Every structure is written in C-alpha cells, then in structure tokens.
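Since each chain comes alone in its own frame, lean on the hints to assemble the complex.
Protein chains in written order, with the UniProt record's numbering: chain A, 1 to 541; chain B, 1 to 165.
These aren't lab readings, by the way, just hints derived from the structure by calculation.
Keep in mind that this is a model prediction, so the values were computed, not measured.
Keep in mind that a hint or two might mislead.
Think about it this way: if two alpha-carbon atoms lie no more than 35 Å apart in a straight line, the pair counts; the simulated DSBU-like pairs of lysine-lysine are [stated by the list, open to error]:
hint, chain 1, residue 1, chain 2, residue 2
1, A, K168, B, K65
2, A, K465, B, K109
3, A, K465, B, K108
4, B, K61, A, K168
5, B, K108, A, K404
Chain by chain, the residues run as shown.
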Amino acid sequence: MAILNHLTTTCWKSFQSDRLNKQLLYALRALHKSAASEALGISTTGEEPIPDRLIAPADVGEKTRVKNLKDMPGPSTLSNLVEFFWRDGFSRIHEIQMEHRKKYGKIFKSRFGPQLVVSVADRELVAQVLRAEGVAPQRANMESWKEYRDLRGRSTGLISAEGEDWLKMRSVLRQLIMRPRDVAFFSDDVNKVVDDLIRRVSCLRTEQSDGATVLNVNDLFFKYAMEAVAAILYERRLGCLENDIPQETQDYITALNLMFSSFKTTMYAGAIPKWLRPILPKPWEEFCHSWDGLFKFSLIHVDKRFAEIKGQLQRGEEVKAGLLTHMLITKEMNLEEIYANLTEMLLAGVDTTSFTLSWASYLLARHPHVQQQIYTEVTRTLGPGTVATADDVPRLPLIRGLVKETLRLFPVLPGNGRITQDDLVVGEYFIPKGTQLALCHYSTSLDEENFADSLDFRPSRWIRKDTTDRVDNFGSIPFGYGVRSCIGRRIAELELHLALTRLIQKFHISMSPLTADVKAKTHGLLCPAAPIHLQFTDREN
Amino acid sequence: MSLVTALGRLAHVRLRGYSRRTAAASWGAFLTARRSLTAGTQPLRSDNKVTVHFINRDGEKITVKGAPGESLLDIVISEDLDFDGFGACEGTLACSTCHLIFDEEVYKKLGPVTDEEMDMLDLAYGLTDTSRLGCQICLTKSLEGMVARVPESVADIRQSKDGSS
Numbered sequence: 001m002a003i004l005n006h007l008t009t010t011c012w013k014s015f016q017s018d019r020l021n022k023q024l025l026y027a028l029r030a031l032h033k034s035a036a037s038e039a040l041g042i043s044t045t046g047e048e049p050i051p052d053r054l055i056a057p058a059d060v061g062e063k064t065r066v067k068n069l070k071d072m073p074g075p076s077t078l079s080n081l082v083e084f085f086w087r088d089g090f091s092r093i094h095e096i097q098m099e100h101r102k103k104y105g106k107i108f109k110s111r112f113g114p115q116l117v118v119s120v121a122d123r124e125l126v127a128q129v130l131r132a133e134g135v136a137p138q139r140a141n142m143e144s145w146k147e148y149r150d151l152r153g154r155s156t157g158l159i160s161a162e163g164e165d166w167l168k169m170r171s172v173l174r175q176l177i178m179r180p181r182d183v184a185f186f187s188d189d190v191n192k193v194v195d196d197l198i199r200r201v202s203c204l205r206t207e208q209s210d211g212a213t214v215l216n217v218n219d220l221f222f223k224y225a226m227e228a229v230a231a232i233l234y235e236r237r238l239g240c241l242e243n244d245i246p247q248e249t250q251d252y253i254t255a256l257n258l259m260f261s262s263f264k265t266t267m268y269a270g271a272i273p274k275w276l277r278p279i280l281p282k283p284w285e286e287f288c289h290s291w292d293g294l295f296k297f298s299l300i301h302v303d304k305r306f307a308e309i310k311g312q313l314q315r316g317e318e319v320k321a322g323l324l325t326h327m328l329i330t331k332e333m334n335l336e337e338i339y340a341n342l343t344e345m346l347l348a349g350v351d352t353t354s355f356t357l358s359w360a361s362y363l364l365a366r367h368p369h370v371q372q373q374i375y376t377e378v379t380r381t382l383g384p385g386t387v388a389t390a391d392d393v394p395r396l397p398l399i400r401g402l403v404k405e406t407l408r409l410f411p412v413l414p415g416n417g418r419i420t421q422d423d424l425v426v427g428e429y430f431i432p433k434g435t436q437l438a439l440c441h442y443s444t445s446l447d448e449e450n451f452a453d454s455l456d457f458r459p460s461r462w463i464r465k466d467t468t469d470r471v472d473n474f475g476s477i478p479f480g481y482g483v484r485s486c487i488g489r490r491i492a493e494l495e496l497h498l499a500l501t502r503l504i505q506k507f508h509i510s511m512s513p514l515t516a517d518v519k520a521k522t523h524g525l526l527c528p529a530a531p532i533h534l535q536f537t538d539r540e541n
Numbered sequence: 001m002s003l004v005t006a007l008g009r010l011a012h013v014r015l016r017g018y019s020r021r022t023a024a025a026s027w028g029a030f031l032t033a034r035r036s037l038t039a040g041t042q043p044l045r046s047d048n049k050v051t052v053h054f055i056n057r058d059g060e061k062i063t064v065k066g067a068p069g070e071s072l073l074d075i076v077i078s079e080d081l082d083f084d085g086f087g088a089c090e091g092t093l094a095c096s097t098c099h100l101i102f103d104e105e106v107y108k109k110l111g112p113v114t115d116e117e118m119d120m121l122d123l124a125y126g127l128t129d130t131s132r133l134g135c136q137i138c139l140t141k142s143l144e145g146m147v148a149r150v151p152e153s154v155a156d157i158r159q160s161k162d163g164s165s
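Excised from the complex, chain B in its bound form (with noise of 0.2 Å):
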C-alpha cells in the first residue's frame, strides 16, 4: 500500500527544467525514481540480498541471488535463467507466462494477491492453490531461502520445424 501511495506521489511530482536537455534528464531521473522504488529502495549490498531457489520444468534446482523489492520476474531476467515463454509481457499483467508454484508456508508470506492478478491466475496453465505470478512477488528478507517452482509446460501445439514434433 505504502508503495501505491508513493507511486502516487511522484505521478505528481512537477518537474523544473530550463531546456529539453535538462527536461529530459529530470524525465529520466523521475523515470529511474519510479523504477528504482519498484525494484525497491534498499542498497543493493550483497550482504542484504535474498536467495531463491528455481525449480526448473526439468526438476534441476537453480540458486540465484536478489536484491529485496526485486520481482521474481527481474530476478529471471537479470539472472538470464533460460524459462522458456516466461515473463511473456514484461511483468504488465497482460499474461500468466510468469506463473509460478510455491511450498504453502512461502505462498502464505508472499503478501496480498490483487484482484487483476487474481484475474491472469484464472488463465494460467496448471493452476495450484498456492500459485502466483512471477512479476507480482517481490522480495524480502523474509523470504530467504524461498523456493519457487516452475510449472510444466504447456502441451505445445506448435510443430517443431524437424517435423518430429
């Protein structure tokens, strides 16, 4: 909630400028502002960051590291953990590539599920109880040592260009 209202905020934030130059940079500086505060405000020291656990769709266990109010979603980007399809449309909630699955007592801490979410949950392929989408769990010290599995595959249509579908 503290975040919506920050957010808010700087929606309204006014921006100073004596050219487009310096406009420009100020637009870049409210840009980063918003981003930063979605990626979370904390020092980025390793000393503070959060290990997660991926379970990819082969069952092999992938340890990487994250920086607390980091997605999920930009921990497999930065990371470049090869999900195949995952995170679709950029973390925007226009799909559920992102889907993951979690133990019941992680699903239990990862915070409020919101209504749009809930929507794209009710399309995502292998739905559990205790799914959520990548883009939406941000980290946390609390989560520490938290594991998130990948779901199976959708059955793909596609046939394969060797014909060997």
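Okay, chain A solo, but in the shape it has when bound (with noise of 0.2 Å):
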C-alpha cells in the first residue's frame, strides 16, 4: 500500500514542481549526467517529464551500448492513465504486470501522471539491483507519512524513516528480531495464540448448520494475526479470538479497517496538493484519522507496559523479560521511537500474514493430495497430538514448502519499489539516480523461466535433495532481500509455520460448497478478491 500510496504523492507533488523543473532542464542537460543526477537528487524521485530527464549518457557505452530512457519501451502515457485510474487497474496491477511483462520485456517504464516508474520484472535484473544497494535504501516517497508525524508530533517508524534515522531504527530492531535463533524464543507465546485459534475453529464451526464450515477465515487469521503480533511486540494477550473482543481492541481494528477501506481515498491524501485541502478536505482528514486510531492503540499499550515494569520494580518484584520491556529498559530508541515502531511492524504484520494463511489454508482445501502429503509429513515427525515448536520446523520441511509455495502464487506484495540512489545500468539502460523503480516479483514467482509449471501449487519443489542443492534465486523474495527486507520475516515465517502445522495436524481442510475458484486482487496487498469460506473436519488421531 504504501508504495502506491507514494507513487501518488510523488505524481501530484511533481504537477506543481514540474514547471519549475522545465526551468532547470536547460541548464541540466548541458551538465555531465553524474553532476546532473545529483542536483536532480535534490527533487527526487523522477519528478520529471521522461524525455527532458535524460541526460546522454555518452560516458557509460564503452562495453556494450547502454541506451536511454527514451528508448525503453512501455505503455503510453494516456492509456496507462486509462488503464489505471478508468479501468481501476490498481486492484488488477498485478495482472498489469505479468501482460506488461510480456509484451514489453524485462524491464519497460510507464507514466503515472508526471511521474515515471521503471519496472523490472526479471530475477537477474532485479537481483542486479538489490545487490547494488547502500547502507540505506529508499522505497519509496513517503512524504505524507512523514508530514501526518510531523503534525502530530510523533517520531518514524520503519517504514516511513529514510536515511540515517531509518538505518539508526533498523540497527537497533534488527538486532531483536531478525536472527532466526532469537526469534524461536517467542515459540511458546505464539503456539498460545494457535491454542486459540484451534478453539475459535471450533467454536465458529458449530455456528454453522453443517458444524464444519468456517464463513470468511481471513477474518478468523487477521484475528490470530493480530493477536499473535501483539503477543511478541506489546507482551500483551489482546483477546482478539475470545467471543467478547476487549473496546480498545475492537477500537484498533476498526482504525486499522478504515486504514484499508479508505485505502482509495487515503492513497490520494498526502498526494492532493495542500491548497487543495481546504476544498478536498476529507481524504487527509481520514488518513490522519486512522493514523491517530493506531497511534493511538501503541500509545495505550507502551504506556501500560511501562507503568507496570515501573510498578514491579518499586515493589522489588521480578520483571520478565520481553521484547517491549528490553526496548523500554535499554532505551536504544526513545519513547516516540519505540510508539513509531510498534504501530508500523503491527500495522505490517497483520494483513500480510492474515492473507498468506487464507491463501494456504484455500490452496490446501483445493489440492487435498498435497494436504495428505503434508499431513502424514507432520504425523511421522511429530507423533500425534504434539504440538511443535520452532525447534521441530527444520524438520517439517513441507511446512516451510508450503509458505514458500503459497507466498509464490501469491506474494502480499506483489511488486515492492526502490528509488535508485546512484546512476544505474540495468538491462542495458541508463537509469539516472533518482527513479522510481518498480520490482515485480509476482511477474518473475510466476514466470515459467524461473518455475517449471509455474502456476501448479506444489510446495514439494522446495524441497531440497541435499545442503548443496539449489532451489531458486531471486525468482520469489517474498519478503524482499538484503538491508531494507521484510523486519518481520522471522516473526511472520514463526506465525505462519506453527499455525499451519497445528490446522493441518487438527483438521482436514476443505473448500465449502459456497466457495468457488477466489482470484487474488491488488487492494495495496494482493488478497482475496472474494470471502473464503472452508470446513474444517476433526482428524482422528
């Protein structure tokens, strides 16, 4: 959503600098292209009309002819603007992407408003890309994020910090929840929330005339999504899977639905111009709106958490050692940070996982061979009735197939951006520092090149013969590569790996008479285009 979202900034924004970038253009394009791309750096982001932007790279086409932008092919401006804001192409911008794909190559650019995007849709490219990455890598214009914290006087997060204060953030977190070894401590808090998820199948079931089938289960994930990422960031039970959902809770799931409804809306909120606002009021009013909402909800956690290791400690009691608490004791980030932060990775962390269990729970129901196989996996390995724990997942290699599998086919992120931060080449063009890219892993996860029968589910082609064997590279990064990768992975992989194992151990899984064939649509993350609905039967151990 976000790169959207600042997609839209970027073009609205660069409307009103585009005049005074026509100005520039003339004294730019007599500058050699380095000295050139660095005082563009300063307007960032392809603010400029493509074929004023390029400056010949006259100096870089010794080895093999590196061409322009201008020859780079794609869409033309107005249908991508048909295409997009007529044909509401963003919730088909996945599909967007694999037709582009095939129709203009491996790398093509295309024009939204004035602001232009390259996108790579290739596992060599972007891998190229990813590996020529700095210390600090940007994704994307996040200048509302930044104004709505400005205003409000709160700190970045993750997400919305560039520069030296993302890298100081990230230092800090990374060092907490990255290593897969500290993340398997959580093992015991999340396997809690799988206990109640398993009881919430359950109970939901029998409300049902055929006591099996469970109406809309994202709702049901989202729920344990939430309650599992709060588990670990806030040391919190939330009771988001009791029958009676706690006001404040419900409160922050309603923040986070408008966050996701008004996604539309929102997207243009920092994007419409702020002389506009006075007669356009309402898209920035809601993005502060639920901004304030999640805000809020990390504001009232943190500050119970504080107020009781406070309390402990005066009453000479033990503390227990968590992730919020070491934040708060060892005070790597301050307060605002930590608020910051907390309500980023919660906002990421549910939708993301909610809809990867929907997708493997549907893909499971719609392949029950694949299933069985799964479940007699996990029956030799864990016995009956075991619950496992991070330990045991090296050993349920089908598991981590099956996210590895269904993040392929549908990766929540379908495409992921960054913003070059020095003059590139990729496939052959010169890309001046300073653009927006666009790369499209659900193009490559689906690309047969990368994929033999690339659109069969089959979690076993993850499988690996020995230590030496290679799987894939680049074709599916889910949850992206290097420095500015996914903080969460290790947190979501523990999540999604425990629940999955305990569904398949409990249940069989199946697709309900009311669920047809469920297309994925782009809504910021691809999700179901249309509610899931599975019966989930009692295995007999």
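Next up, the structure:
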C-alpha cells in the first residue's frame, strides 16, 4: 500500500514542481550526468517529464551500447492513465504487471501522470538492483506519512523513515527480531495464540448448520495474526480470539479497517496538494484519523507496559524480559521511536500474515492430495498430538515449502519499490539516480523460466535433496532481500509455520460449497477478491 | 544445539531489581551474557586463539586471529578488514553479503547449515558447492589455519561518480 500511496503522492507533488523543473532543465542537460543527477537528486524521484530528464550517457557506453530511458519500451502515458484511473487498474496491478512483462519485456517504463516508474520484471535484473544497494535503501517517497508524524509531533518508524534515521532504528530492531534463533524464543507465546485459534475454529463452525464451515477465514486469521504479533511486540494478549473482544482492541481493528477500506481515498490523501485541502478535506482527514487510531493503540499498550514495569520494580518484583520491556529499559530508541515502530510493525504484520494463511488454507483445500502429503509428514515427524515448536520446523520441510509456495503464488506484496541512489545501468538502460523502480515480484514468481509449471501448487518444489541443492535465485523473494527486507520476516514465518502445522494436524480442510474459484486482487496488498469459506473437519488422532 | 538451548534458557531468565537503574544494569548483564554466548564463552587468552587466513578479492592473503566462538563476520569487523559491502545486515540473516568460499576439507568441518542460511545462500553471488555465510561460521580450535576466500565482487551496475565506470 505504502508504495502505491507514495507513487501517487509524488505524482501530484511533481505536478506542481514541473514548472520549476522545466526551468532547470536547460541548465541540467548541459551538465555532466553525475553532476546533473546529483542536482536532480534534491528534487528526487523522477519528477521530471521523461524526455527532458534524459541525460545522454555518452561516457558509460564503451563496453556495450547503453540505451536511454527514452528508448525503453512501455505503455503510453494515456493508455496507462485510462488503465489505472478509468479501468481501476490498481486492483489488477499484479495482472497488468504480467501483461506488460509479456508485451514489453524484462524492463519497461510507465507513467502515472508526471511520475515515471521503471518496472524490473526479471529475476537477474532484480538481483542486480538489490545487490547494488547501499546501506540505507529508499523504497518510495514517504512524504505524506512523514507529514502526519510532523503534524502530531510523532517520530517516524521503519516504514516511514529514511536515511540515517531509518538506519539507526533498523540497526536496533534487526538485532532483536531478525535472527531466527532469537525469534524462536517466542515459540511458546505464539503457540498459546495457536491454541486459541484452534479453539476458535471449533467454536465458529458450530455456528453453521453443517457444523464444519468457517465463513470468511480471513477474518479469523486476521485476528490470529493481530493477537500473535501483539503477544510478541506488546508482550500482551489482546483478546482478539475471544467471543467478546475488548473495546480498545475493537477500536484498533476499526482504525485498521478504516486505513484499508479507505485505501483509495487515503492513497490520494497525501497526494492532494495542500492548497486544495480546504476544498477537498476528506481524504487527508481520514488519513490522519486512521493514523490517530493506530498510534493511540500503541500508546495505550506501551504506556501500560511501562507503568507495569515501574510498579514491579518499585515493589521489588521480578520483571519478565520481553521485547517491549527490553526496548523500554535499554532506551536504544526513545519513547516516541518505540511508539512509532510498534505502530508501523503492527500495521505491517497483520494483513500480510492473515492473507498468507487464508491463501495457504485455500490452496490446501483445493489440493487434498498435497494436504494429505503434508499431514503425513507432520504426523510421522511429530507423532500424534504433539505441539510443534520452532525447533521442530527444520524437520518439517513441507511446512516450510507450503509457506514458500503460497507466497510464490500469492506474494502479499506483488511489487516492491526502490528509488535509485546511484546512476545505474540495468538491462542495458541507463537509469539516473532518483528514479522510482518497481520490482515485479508477482511476475518473476510466476515466470515459467524460474519455476516449471509455475501455476501449479507444489510445496515439494522447495524441498532440497541435500545442503548443496539450490532451489531458487531471486525469482520468489516475498520478504525482499537485504538491509531493507521485511524486518518481521522471521516472526511472520514462525506464526505461519506453527499455525499451519497445528491446523493440518487437527483438521482436514476442505472447500465449502459456498466458495468457488477465488481470484486475487490488489488492494495495497495482494488479497483474496472474495471471501474464502472453508470446512474444518476433525482428524482422527 | 547446546547454544540454542542455552539461549532459550536465558530468554526465560527473570530479572530482579529495585530501581530502573539496577534493572537497566541487569538487563545489560543479560544482554552481555547473550552476546558473549553468541561470541563464545571461552576465555580470550591469546594461546587459545584460532588463526584464519582470508583471501580478499585481489587474491591477497590476510592472516588474523579470532577467539573460539567468534563468527567469521565478527572477525572481519573486529579486525577492520576492508571487504567492500561485507556483512551488510550485521549477521541477522537478511542478506548474503558475507558469503565466503572454503576448501572442501574445511567446508566439511564447518558444522551444520540451517534452512535460513541455505535460503540466503540461494541468493549469494558466485555461489559454489563449498560456500557458506561468514556470520554463521563460528571458530573452533579444529578450524586452526583455515582459509576463507571472499568471492569476486558483483558486477557493479552502479556508475562511478567520475563517470569512468
């Protein structure tokens, strides 16, 4: 969502700055390309009309002829505008990615108004771009997020921060939650949430006449993901999986829903020029309102924990060492930075995990023989009724394969963004510093060249014969790669592995007659276009 | 495996303190304990150190010493070895920039490779059958005199600032 949001932001902003840019261009074109890009760097992110933007890369073309952006294929500005704004291409952005890949090749350019986006739809080229990254890569223009935070006197977090601010917080947080063996500590906490998930499935299906169907499983998995991520981040159970959800938790869910349901409006929120806000106040107001709700939730829970720790210390009681406690006591980040990061991490950690769980169970229901194969592996490895922990996951390669294969077919983020921080040559094209790139993960993960029978659901394709057996190379990188990859990756994997293992152990999952073929749509993230209803029948253990 | 268990035990350590100050101190001690566990628990006596020969991208041999338990990435950092872009994610298994190549015999002695490391190795440039990530290799006495080769650099798509590319 962030990426799209900010592409649009830049569109609007650059609309305004176009005139200024044009004045600069004559001067710029005469300059050496690096110096020019440097100068352009301050106006950032490809805000200039393309033809004018091009600076002849005469001095980089000695080895192979390097082409200009002008020579790069891509849809015309008008057709792109019609596709996205008229025919609602935003919800089909993943399909358009595939169509354009077929039509224009591995690398192509698109225009969203004045915003130029260079799409990279080839795994080798994606690898080249990500391997050339510096210490603090930038994903997209995050100005509207930053503006909200400035307005409210809040800090930025890992999604909204850039440069040194970002690096400072990332360095702290990656040492806490990125190493798999550190994240394994949370195994027991997550398993308690899985207990509740299983109970909830049993409870929900009794509400249906067949005693087996759970309607709209994503609603259930949303609550699981929120409960699990909060158990880790806030060291607190929220009660999402209870019959009566506590009011403040319900408020948060409302704020989160507002954030996503008003996605299209909020997408333009930061994008609409400030002077237009008195006339068109609603999008920006909603944007701020949903952020207020999300921040409020973090404030409540962080402050609560802070007060608890203080009280415990004053009374000389034991303080149990969890993630938030660690952050509050070590003060490697200040309180505002903790609020902001917990807010952004919770935001990023709920839908992503729930969509993946929804797709995974949908795929298992659609492919009973695969489900049976995984069930056999799980029962054979663990024995009946044993609860798996993080330490067991390495012995469940098909569970890992299931998660990888689900994310290959339905990558939550169908594309990711990078703003180039150097002049690059990608696929024979000279790409000036400050260009917005879209890395087309959806298209590379469904590419036949990367994955044979790419539309087939085959978790076993990820099984290695031995430790030197290489499975994939940049075709499917749902969590990204490198220093700006998903900070919550290992937490998400733990939540997915433990939940899926237990669901498969306990239930036979099958399609409900209420659900036919479910397609994906892009709504910021790649999500099910229709509710998924599934049947959960007890396995005989 | 014992390391994992030990770390697991430490995670459940409960801290006792009578003021924030002491709590912070205890927490610090907790972290130090964790770090030194990661970095090995043996005393840092020099006679106990392990010699490692790195071969850099220019083919030069650089000989350094590290304590048992330290990772090869720890040594590259503590010895300030200048391998461009090495260890970008600081040993958190989010990249593969600390990729190193070993001789067959050394490779066999390096200990088990985790799934997460293999996934990251899939994304390493210039991968070989005897490749590992430096952040995952901890020194032991049996690795004395080991050679670790830094693979050739990625063909850099960045255009250098002076335009000489």
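Results for each hint:
A C-alpha spacing of about 30 Å is found between K168/A and K65/B, which places the hinted pair at or below 35 Å, so the restraint holds. Only pairs whose Cα atoms come within 35 Å are accepted, and K465/A paired with K109/B is accepted, the gap being roughly 20 Å. As the CA atoms of K465/A and K108/B are separated by approximately 17 Å, the hinted pair is consistent with the 35 Å bound. Restraint check for K61/B and K168/A: satisfied, since their Cα atoms lie roughly 34 Å apart, inside the 35 Å limit.
Among the hinted pairs, K108/B with K404/A is consistent with the structure: their alpha-carbon atoms are about 28 Å apart, no more than 35 Å.
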